[in-house]
Amino acid sequence: MSSADAVVLSGVEHSYGDVTAVGPISLSVPSGEFLVLVGASGCGKSTLLRLIAGFEQPTAGTVLAAGVPPVPGRGAGLVFQQPRLFPWRTVGGNIAMALRYAGQTPTTARIEALLERVGLQDVAKRRTWQISGGQQQRVAIARALAVDNPLLLLDEPFAALDALTRERLQEDLRRVSAETGRTCVFVTHSVDEAVFLGSRVVVLTPRPGRIALDLPIDLPRTGIDPEELRGRPAFAAARTQVGAAVRHPGVFA
Amino acid sequence: MAVAPSATLASPRRKRRILLRLVALVVLYGLWEIAARTTRNPTFIPSPGAVWHQLIVTSTVHGGIRGYSGHLLIEHLGVSLRRILIGSAIGVAGGLVLGLIMGTVTWFRVVTEPVVTFVRALPPLAYFSLFIIWFGIDETPKLWLLSIAALPPVAVATAAAVLGAPTGLVEAARALGAGKWQAVRDVVLPHALPEIFTGVRIAVGVAYSSVVAAETINGVPGIGGMVRDAQRYSQTDVVVLGLFAIGLSGLLIDALLQIAEKRLIPWRGRA
Ligand SMILES: Nc1ncnc2c1ncn2[C@@H]1O[C@H](COP(=O)(O)OP(=O)(O)OP(=O)(O)O)[C@@H](O)[C@H]1O
Ligand SMILES: [Mg+2]
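Chains F and R supply the protein sequences, listed in that same order. FYI, the numbering for the first sequence is 8 to 260, going by our numbering. FYI, the numbering for the second sequence is 4 to 274, going by our numbering.
Do not rely on the hints blindly, as some may be mistaken.
To be verified - In silico SDA-like links for lysine to any residue, alpha-carbon gap of 20 Å or less:
(1) K132/F to P117/R
(2) K265/R to R134/F
(3) K265/R to R204/R
Said to hold, decoys possible - Distance windows between CB atoms, simulated:
(4) A67/F to T107/R: 25 to 33 Å
(5) G272/R to D155/F: 54 to 62 Å
(6) G250/F to I104/R: 51 to 59 Å
(7) R117/F to I104/R: 50 to 58 Å
(8) D155/F to K18/R: 49 to 57 Å
(9) R20/R to T112/F: 44 to 52 Å
(10) V113/R to A67/F: 29 to 37 Å
(11) Q111/F to V26/R: 35 to 43 Å
These are calculated hints, taken from the structure and not from any lab test. Virtual Cβ for every residue (Gly too), placed ideally from N, Cα, C.
Go ahead and model the full structure; you've got the sequences and the hints to work with.
This is the structure in structure tokens:
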């Protein structure tokens, strides 16, 4: 464990009643790393993310974020698997809340810019139920990105989006994380997405989720065109390896 | 713009509903007229015409006499409405605070829940006697009665709504950095508002139905006092007029509350 580790899990287990959802898992995420968690439905990915966010306490082991037990809302932005927008606020009002909690002044220009970043225009004044599911999810992403937290936790944020928007946001997130050096923990079902985004991909076994594969992705993080990246032999190799681990998860860790 | 399609869709249905209500009113009026004519006993069933006549009599100064018992109908109604307004306002405010604490502090809920349920089960007239003994026969016991009657519905609704706060949205606020109190203010409370508002409508209704009871003692001016005096002198037409005044103004106030609700809580049913 080094002091530069953004997240450290040591022997972490979590059970809901007598159902063990994850663990034991030991894992260190160095600062600036883009870690992608992949695994079958119900293997405990969301649970793991909630443990790192501080919304769940491990039933065994310890979780540290920036060296201390995590507290929700301190130092980590979180995109839940569901949009979780506040229906009593407009779309813009939802973003304004994030800025206000961080002690910042929400200006119209700022809100518009944040929405623009996830490809949304002219929705700030709408009610949250007057936009589509995919648009709601993008608002949730914009809301989590509104404040520059050193750690970003994302639970299948692009699952509900059309292919075109998804690719755009993937590229955007990849670039932004590399440029800002933020640490990301990203959950997905998609092998392609995992290899494209991650500087490291961890595949989990079916419930209880344990580490089945821990693979560093050796591809350039900046200054490369997405098409070219996907064309690299290393990309294809990593995809094959992660794909195989997802289909035949064995416990190696 | 966004609501246009549903509005055009609803309008023929709305027209039919209004028509249906008008027909029902005419039929009721007809039945009333027939009943009054066949019984031929205005003390038992006064005719619609007699009630209409009383409306004019009680609303004007005639031969030096002002309305009924020295007050115009509108003055009786105004005094009662003022009592209802003050009583409901105090009851709603108290119920809101009580319900919020009940919903957030477990031991407080355990202690107060049976008390609130107990008071809610009592007919207001039952504790009115107590208030008369404590506060005399003027304005104070009446306002106490209405406040106490209006409080439980709001308290119960608020407590239930706060208890049912959506974990997911509270977590979302916490994840954005909201403190516990901020989460209550920004999530729990707005989420509870629709239910609280239903509680308020019930509370105002209870205050309405209690005002006549509150005005049985020293109730003039006041619609309840007017009805009671009229009953004493067998002026059934005035009694019926009083009932209409209370009922119709009640309908109006509930309609106003519903409009306010639509405006203030557009997210009703969305959370
Ligand atoms: N609150 C809860 N109470 C009881 N069991 C739960 C709870 N939340 C999750 N579980 C169980 O824990 C396991 C892991 O759930 P989790 O949501 O972490 O899975 P996941 O990997 O995120 O799945 P998905 O890919 O479908 O989102 C599942 O078997 C689930 O049934
Ligand atoms: Mg999940």
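Requested in this report: Hint by hint, work out which the structure violates, then give me just those numbers in ascending order.
Outcome: 1, 5, 7 and 11
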